[in-house]
Amino acid sequence: MSETELLLSVRNMEKHFPVTKGLLKRQVGAVKAVDGISFDVFKGETLGLVGESGCGKSTTGRLVTRLLEPTAGKVVFEGQDITHMSQGRLRPLRRDMQMIFQDPYSSLNPRHTVGAIVGAPFRIQGVKTEHGVKKAVQDILELVGLNPEHYNRYPHEFSGGQRQRIGIARTLALKPKLIIADEPVSALDVSIQAQVVNLLEDLQNELDLTYVVIAHDLSVVRHISDRVAVMYLGKIVEVADRKRLYNSPMHPYTNALLSAVPVPDPKVRKERERIRLAGDVPSPLNPPPACRFHTRCWKAQEICRTVEPPLEELASGHQVACHFPENAPEVAKETPEAT
Amino acid sequence: MSFLDVKDLKIHFPTDDGLVKSVDGLSFGVERGKTLGIVGESGSGKSVTSLGVLGLHKGGRAKLSGEIWLDGEELISASAEHVRGLRGKKMAMIFQDPLSSMHPFYTVGHQIIEAYRIHHKVTKQVARKHAIDMLGRVGIPEPARRVDSYPHEFSGGMRQRAMIAMALSCDPELLIADEPTTALDVTVQAQILDLMVDLQREFNSALIIITHDLGVVAQVSDDILVMYGGKCVEYGSADDIFYRPEHPYTWGLLGSMPRLDREPTERLLPIKGSPPSLINVPPGCAFHPRCPYAERTDGKADTEVPDLAETEGGHLVRCHMSRTERRTLWETEIKPVLETQ
Amino acid sequence: MLTYIIRRLIGAFAMLIVISMVTFGIFFVVPQWAGATPEAMASRYVGRAATPETVALIAERLGFNDPVAVQYGRFMKGVFAGAEYDYGAGVEQCPAPCFGYSFISGQPVWPELVNRMPVTFSLAIGAAVIWVLAGVSVGVLSALRRGSFFDRLSMGTALAGVSLPIFFTGMISLVVFSYGLGWTAPGGAYVPFTQNPALWAYDLLLPWITLAFLFAAGYARLTRAGMLETMGEDYIRTARAKGLREREVVVKHGLRAALTPILTLFGIDFGLLIGGAVLTETTYTLPGLGQYAILAIRNQDLPPVMGFVLVAATFVVIASLIVDMLYAVVDPRVRLS
Numbered sequence: 003m004s005e006t007e008l009l010l011s012v013r014n015m016e017k018h019f020p021v022t023k024g025l026l027k028r029q030v031g032a033v034k035a036v037d038g039i040s041f042d043v044f045k046g047e048t049l050g051l052v053g054e055s056g057c058g059k060s061t062t063g064r065l066v067t068r069l070l071e072p073t074a075g076k077v078v079f080e081g082q083d084i085t086h087m088s089q090g091r092l093r094p095l096r097r098d099m100q101m102i103f104q105d106p107y108s109s110l111n112p113r114h115t116v117g118a119i120v121g122a123p124f125r126i127q128g129v130k131t132e133h134g135v136k137k138a139v140q141d142i143l144e145l146v147g148l149n150p151e152h153y154n155r156y157p158h159e160f161s162g163g164q165r166q167r168i169g170i171a172r173t174l175a176l177k178p179k180l181i182i183a184d185e186p187v188s189a190l191d192v193s194i195q196a197q198v199v200n201l202l203e204d205l206q207n208e209l210d211l212t213y214v215v216i217a218h219d220l221s222v223v224r225h226i227s228d229r230v231a232v233m234y235l236g237k238i239v240e241v242a243d244r245k246r247l248y249n250s251p252m253h254p255y256t257n258a259l260l261s262a263v264p265v266p267d268p269k270v271r272k273e274r275e276r277i278r279l280a281g282d283v284p285s286p287l288n289p290p291p292a293c294r295f296h297t298r299c300w301k302a303q304e305i306c307r308t309v310e311p312p313l314e315e316l317a318s319g320h321q322v323a324c325h326f327p328e329n330a331p332e333v334a335k336e337t338p339e340a341t
Numbered sequence: 011m012s013f014l015d016v017k018d019l020k021i022h023f024p025t026d027d028g029l030v031k032s033v034d035g036l037s038f039g040v041e042r043g044k045t046l047g048i049v050g051e052s053g054s055g056k057s058v059t060s061l062g063v064l065g066l067h068k069g070g071r072a073k074l075s076g077e078i079w080l081d082g083e084e085l086i087s088a089s090a091e092h093v094r095g096l097r098g099k100k101m102a103m104i105f106q107d108p109l110s111s112m113h114p115f116y117t118v119g120h121q122i123i124e125a126y127r128i129h130h131k132v133t134k135q136v137a138r139k140h141a142i143d144m145l146g147r148v149g150i151p152e153p154a155r156r157v158d159s160y161p162h163e164f165s166g167g168m169r170q171r172a173m174i175a176m177a178l179s180c181d182p183e184l185l186i187a188d189e190p191t192t193a194l195d196v197t198v199q200a201q202i203l204d205l206m207v208d209l210q211r212e213f214n215s216a217l218i219i220i221t222h223d224l225g226v227v228a229q230v231s232d233d234i235l236v237m238y239g240g241k242c243v244e245y246g247s248a249d250d251i252f253y254r255p256e257h258p259y260t261w262g263l264l265g266s267m268p269r270l271d272r273e274p275t276e277r278l279l280p281i282k283g284s285p286p287s288l289i290n291v292p293p294g295c296a297f298h299p300r301c302p303y304a305e306r307t308d309g310k311a312d313t314e315v316p317d318l319a320e321t322e323g324g325h326l327v328r329c330h331m332s333r334t335e336r337r338t339l340w341e342t343e344i345k346p347v348l349e350t351q
Numbered sequence: 003m004l005t006y007i008i009r010r011l012i013g014a015f016a017m018l019i020v021i022s023m024v025t026f027g028i029f030f031v032v033p034q035w036a037g038a039t040p041e042a043m044a045s046r047y048v049g050r051a052a053t054p055e056t057v058a059l060i061a062e063r064l065g066f067n068d069p070v071a072v073q074y075g076r077f078m079k080g081v082f083a084g085a086e087y088d089y090g091a092g093v094e095q096c097p098a099p100c101f102g103y104s105f106i107s108g109q110p111v112w113p114e115l116v117n118r119m120p121v122t123f124s125l126a127i128g129a130a131v132i133w134v135l136a137g138v139s140v141g142v143l144s145a146l147r148r149g150s151f152f153d154r155l156s157m158g159t160a161l162a163g164v165s166l167p168i169f170f171t172g173m174i175s176l177v178v179f180s181y182g183l184g185w186t187a188p189g190g191a192y193v194p195f196t197q198n199p200a201l202w203a204y205d206l207l208l209p210w211i212t213l214a215f216l217f218a219a220g221y222a223r224l225t226r227a228g229m230l231e232t233m234g235e236d237y238i239r240t241a242r243a244k245g246l247r248e249r250e251v252v253v254k255h256g257l258r259a260a261l262t263p264i265l266t267l268f269g270i271d272f273g274l275l276i277g278g279a280v281l282t283e284t285t286y287t288l289p290g291l292g293q294y295a296i297l298a299i300r301n302q303d304l305p306p307v308m309g310f311v312l313v314a315a316t317f318v319v320i321a322s323l324i325v326d327m328l329y330a331v332v333d334p335r336v337r338l339s
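Chains as they are written, first to last, in my numbering: chain A, 3 to 341; chain B, 11 to 351; chain C, 3 to 339.
Be careful, since some hints might not be right.
[Claimed, not checked] With a Cα cut of at most 20 Å, we get these calculated EDC-like pairs of lysine to aspartate or glutamate:
1. A/245 to B/276
2. A/269 to B/276
3. B/282 to A/204
4. B/68 to C/62
[As the list claims (entries may be wrong)] Simulated coverage check for chain B against chain A, where a stretch passes if three residues somewhere in it have a Cβ under 8 Å from a Cβ of chain A:
5. 200 to 212
6. 262 to 271
These are computed hints drawn from the structure, not numbers from a lab.
Note that the structure is predicted; figures quoted are calculated from it, not measured.
We put the CB at the ideal spot given by N, CA and C, even for glycine.
Model the full structure from these sequences, guided by the hints.
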């Protein structure tokens, strides 16, 4: 497997949005949307990025595709440092790195036909196609399960699920290597969500794609991802392969998240031991010091308020940023050499 | 007769493109202290139903028929003014998006005070004390201070708590919650669901939760109604719907959702196609264009609307297939696939 | 809030200074650039019959030979501290705010402006009351009865109101109501409110209605659009679900939100109107600021024009400042910090 080949690498990436105040517009603070995160994405895998509102997962997606410029840190795509690359130099790279958005309604121009929307990337990038753009577009439409004869229709003539397929078709036009999908199914009906999730998986197998899927829905992320990163207030608190993360989560926040998801089984509601977090996510404008989760954590001690826990590998491929992780192999923590 | 008893409710809207049958012959009941979950996708008519029960379609363009009995009183034939007097007092509602559902220009306290004083002739001071009391009961810290905050100064979860406080301010006996947690984060959603269940126990009210999320329904409902194309396709206890479902649409919903309580499957089992638009509901069984078993109905699928028939002990199914056929399909084809997952 | 007000006040003052520079430039500097000699400028003060020597002397005394900045400084000093003019026939005191003397009448500009302000204020305030009441209520009713005969009739009338020029509607109404039916005053008269309120209103009634018609039309359309939008909001549904009476739903919840954009528009319109309802005052020959400005422009009487422009600009700036502050009171989401 080519799984070990690195496609995207992010190191200590930060994005701070300044907040100004007063007569002279002094900067009085910053929304630390993303505050120093590092992760890798390997070829052919799907990395899931989960978290609640304000955790910085969408900003992360926009930073790695350079729709936003990071305040600090480093983003390396296919060996090239793209952190501060100019838009002009980024343009050829955009072919390889595409984004799918949440809202299939607003991300398609209502005055353009499907053919024009899906064909636009060819024209913008000036790509030559064997049998003309139209044939290429129709092939893609068929690939995503749309009728190629609908080439001349407008977005409003399609249902929500079909519009998301159009959005996917557009990103596929130039055979990208990496697709960042930001909440790709959350605006869709349940029965349609499953169609789109399956489509994303089929396309990955067929076209050898790499995904970063950003979502708040833990079940969808588990279904689609190979590895999952959990974010909280601009930080990654836990990364592991899917099985480890969902079966033996180490970070208390991950535990609480998993425990909060309602399960479609009436019996479970009586049996399941649930962790209930108090309150809402604090504002990223003024995040708690040290471990950001300590204000809502039931295991928090003095050290959590004073020392920020680093993101450490406690088991093979399982990184956690917590002073008191759960399900942790105790020996491994004391003497990392033992593993 | 149940505390709330809806019989053959129809809510039709005449439009330029034809008659939109948003709700087309719906019957259900809820007792006090019990919870009914109404499940459906967009355009299934579930939200129109809730507004209809509250009488909010009265006097508008909608054509209403059928009966809505609330505590022995019929509401469709009652005057709009009479139903208005019940609204907020005897029956109340919580909406999906707490930010857009509260008036941005008035404080949270003002809006609760207003709700209370519509139905109680008390001074502002008394109503204000009541509002603070209600905010405290739904778990808002420092209610005496937060009562003067504006909705935009609250977090999403706090806003939904405030909405609940407002809805419960007059001790309603029927509470309808339309997607009450859809706009909230997972951890907050869990808090709000717990709160609603606790308060329902405390107030002993009848609760209707309308949602697209089968997980939410499973967690709170006693009975469940599955809606499709303006009609009920399956109705039964929570156990009926989750352990013995008989309608192919319910099977489809269960197969569509990835589950956290089981090992992940290779693939999800979606329903083909999209939900119908209510302006153009397919003839016969509204689900037949998406149903994998439509050929098994002797050609009745697209010509005859199947009856909503009882299979066993209050479990109702609207399907052309025979009961034995459905049971066999569930036991042999559907359940094994869903469960090996 | 306080820092916001201070910042806005400083901004408003700076804006007025800029306006004064631009107007000063247009009226006094540009003509000189365009070739008008100091003597030509001065000749306007002394009349064409004066000898060249007199003109040159006056030009020297009025400072037309000085650099532009000095001239502007002297003008602004006049506005804030008053000035003295020496025509050779003795020194005349011009107390602050001094905008100079009219070439034509020889009278100081400021007292004339002050004299005429009550007329314009009366006209603007009366018309504003009528158009806000009429426009908003017609707009609300149209929105609530969307598609009805009333809606179509009022929106048709509103379209006419927006598109018909004021001198047209003004003339027509004069012909019909004053000369024809004799219901209203024929115009040209103004009795101060303090003297006789009834006569004051009688004289102003027709100008009020004419002016209000023009503005009410726009307000009705804006209110209708705003109401249609807000009545579809989720919080309206919530208000109904609480059991609130429909009238209160409309007024307390719907109209309250629909009125905010109208407030903004009103600030601008009212400021402009105080600055001079030029066409209306001319049509009805009312002795207000607008009429004064028109007369001055016709006679190339620069100091009154200059004074008028600055006074009008001040009103517009003040009105928009007040509206911005009111906005924060109406909509708590607007943070004034």
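Quick one, are residue 245 of chain A and residue 276 of chain B close enough, alpha carbons at most 20 Å? holds (14 Å)
Check whether the Cα positions of residue 269 of chain A and residue 276 of chain B lie no farther apart than 20 Å. With a Cα-Cα distance of about 25 Å, the restraint between residue 269 of chain A and residue 276 of chain B is violated, given a limit of 20 Å.
Tell me if chain A covers the stretch 200 to 212 of chain B under the three-residue, 8 Å CB rule, please? holds (count 4)
Quick one: see if chain A covers the stretch 262 to 271 of chain B, three-plus residues with Cβ-Cβ under 8 Å. holds (count 10)
Proposed proximity, residue 204 of chain A with residue 282 of chain B (alpha carbon, max 20 Å): holds (16 Å)
Within a Cα-Cα threshold of 20 Å, do residue 68 of chain B and residue 62 of chain C meet the stated pairing? violated (83 Å)
Consistency with the previously given hints fails for numbers 2 and 4, ordered from lowest to highest.
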